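Chain S is already provided as a structure; the job is to place chain U on it using the hints.
So you can see what is in the structure, the chains are spelled out below.
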Amino acid sequence: MDIETVKIRADKVQVFYGENHAIKDVDVNILDKTVTAFIGPSGCGKSTFLRCLNRMNDTIPSCRVEGGITLDGEDIYDPRVDPVQLRAKVGMVFQKPNPFPKSIYDNVAYGPRIHGLTRSKAELDEVVEKSLRRAALWNEVKDRLQAPGTGLSGGQQQRLCIARAVATEPEVLLMDEPCSALDPIATAQVEELIDELRENFSVVIVTHSMQQAARVSQKTAFFHLGNLVEYGETTQIFTNPRDPRTESYITGRIG
Amino acid sequence: MSGRSLFAKDARTAARNRAERRFRAFGFSAILLALLALVWLLVSILTAGAPAFRQTFLTFPVTLEAKLLDKSGIADPAALSKVTTTTYGKLLAKALEAEIAARGIEAGDMKSKDFAKMLSEESAATLRNMVLADPSLIGQTITFRALASGRIDGYYKGRVTMESAALDKNVSPAQLALAERLKEAGVLTITFNPGFLTMPDASDKRPEAAGLGIAIVGSFLMMAVVLVLSLPIGVAASVYLEEFAPRNRWTDLIEVNIANLAAVPSIVYGILGLAIFINFAGLPQSAPIVGGLVLTLMTLPRIIIPTRAALKAVPPSIRDAALGVGASKLQTVFHHVLPLAMPGILTGMIIGLAQALGETAPLLLIGMVAFVRDFPGGFFDPAAALPVQVYNWTTRGDPGFVERASGAIIVLLAFLILMNAVAIFLRRKFERRW
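Residue numbers (the numbering used here), protein chains in the order written: chain S, 1 to 255; chain U, 1001 to 1434.
Hint data in this document are derived by calculation from the structure and do not stem from the laboratory.
None of the values given here were measured: they were computed from a predicted structure.
It cannot be assumed that every hint is accurate.
To be verified - Using 25 angstroms as the maximum straight-line C-alpha spacing, the simulated DSS-like pairs for lysine-lysine come out as follows:
hint	chain 1	residue 1	chain 2	residue 2
1	S	Lys89	U	Lys1329
2	U	Lys1009	S	Lys102
3	S	Lys102	U	Lys1429
4	S	Lys102	U	Lys1329
5	S	Lys96	U	Lys1329
6	S	Lys96	U	Lys1117
So that you can see chain S by itself, here it is in the shape it has in the complex (with noise of 0.2 angstroms):
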């Protein structure tokens, strides 16, 4: 094992939805080149601390977020961090499967060409096939680029969609519930994808799906009512539990 190094680091994070304290007191440090996965019943913030990594819930008005996330060190929640900046190298897919209504060339390029990664179009054209390539997806839309992204199968999709957040180089990769709305085909592509990811991401994903987090990840935390249960081993968790609560979830007696 070489030595695992945090990426990021969240220290008594509270997250408010107006009145609704929504998370609770959460203290977790999510390792480079590992998959975390977050666990838990609906409505348990795993979520909406998911969306806190990379600043997504400042679009949502009445979120407040207390406590400190530091990404290499550095506290996202600082008044000198630009959140799109933040966003290119925190970078995300969601759950239902969102291409743009473009190409699906332009979908890919969309990133590099806004953060100006690339300086030739040969050089974007690169960009493009090596994340497609890194999506798993470049072998079957290659022939195709200048299609619409939004006439491929659910599956191609989600991972058009991968492809565009990889395009721009992030260093996490953060997936709420990616694989929720595929079926199971798609679904073991995505996870293959995740496993592979892992090389050069550190990736983070929501998952309803136990099998799934037992799959793919190394990390699991497992939340409940805002609170995080237990962290830990993906083994440990779901072979010896500590906290009875995780327990309990994992054998399907709340949830």
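Showing chain U alone in chain S's frame:
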């Protein structure tokens, strides 16, 4: 065992089916009624307005005698312009009389004055303008197509009969009988009248010469002002309110006010325009710029509301996607949200413009109802407007204006249909699925 067959309807089901049949019948008759009303409207306007596009003309040779028109013989423009339309009118009457005599058409005991009355007074002015524009015509004999008088024209459009002519001091049965003979001889013709679309308005006594030229130009200039001002202002206001503004008491208040402003009677905007643009800012009356500004004020809320609805209809997942790859708020709006909302925005825009095009009341208050004979050279010159011209003509006494007003309505409807067609076309073109 219920024991009841599926084939036997129970009372409740029968009652439900009856209720549904009743509702369908009501719905169908409502549609039928609406369609009938529409057909009635179109048929009545088209039958009343179509004659405005056809006009009665008398074509005959006119000798432009130099001793009458250019006494000095040196074609001095100042001297030429001293010759009034009365002289030209006499010249035309004489030429018509001569033509009738030359063709051997029986004219009865008509006097020179009676021949003159068969021609529109406008014809003399037209001939005079021709000569002033080209003095070299003096001394030549030209074939001139003169407008027939409104009553002669009305005879061929069913407004005037031999019986009514006997009671009318403006026309006599003898003139009508002569007109019939002239028609047989080919001197009098009824043809398409481009002047209806190009000529300026004419005075109360000359319905045959009244045209929509200035009204069309005026309406076009006002629409240009409305488009240039309300599209950017309306879209910018909508985008700001929908995407950037914080949600608080102030924005709620603004929202409620925009919704209310859309329902404010248009004449109120006319009073506002009169107070602000004419009395305070000192802009000229009857000018397309003022009309355009007033209509812009009126149109803005009607554009902001559909634009905001179109922006709201863009799925939030697209915004998330753009923000998620690190686009700024502005990039998200301009690269993704606005293009997707475009069909809705354009439709709202064109419907707003169409409403503005048909608006009459506010224009009456800022003086667009004035009688304008000269084509406007720009946004600050007096002009008329299509709907105001309709209003104007319906208030005139001569029955000839009924047909003119209906014809103007046809032109207005044609513009509205054209604009709606453009809206549908743009909608189809920009519509994308997500």
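For each hint, the structure was consulted:
1. Using a Cα cut-off of 25 angstroms, the hinted pair lysine 89(S) and lysine 1329(U) holds, with the two alpha carbons roughly 17 angstroms apart.
2. With a C-alpha separation of about 55 angstroms, the suggested pair lysine 1009(U) and lysine 102(S) falls outside the 25 angstroms cut-off, and the hint is violated.
3. Of the pairs offered as hints, the one joining lysine 102(S) and lysine 1429(U) holds, with about 15 angstroms between alpha carbons and a cut-off of 25 angstroms not exceeded.
4. Between lysine 102(S) and lysine 1329(U), the direct Cα distance comes to roughly 19 angstroms. Compliance with the 25 angstroms bound is thereby established for this hinted pair.
5. At most 25 angstroms may separate the alpha-carbon atoms for a hinted pair to count; lysine 96(S) and lysine 1329(U) meet this at roughly 21 angstroms.
6. Restraint check for lysine 96(S) and lysine 1117(U): the C-alpha separation of about 81 angstroms exceeds 25 angstroms, so the hint is violated.
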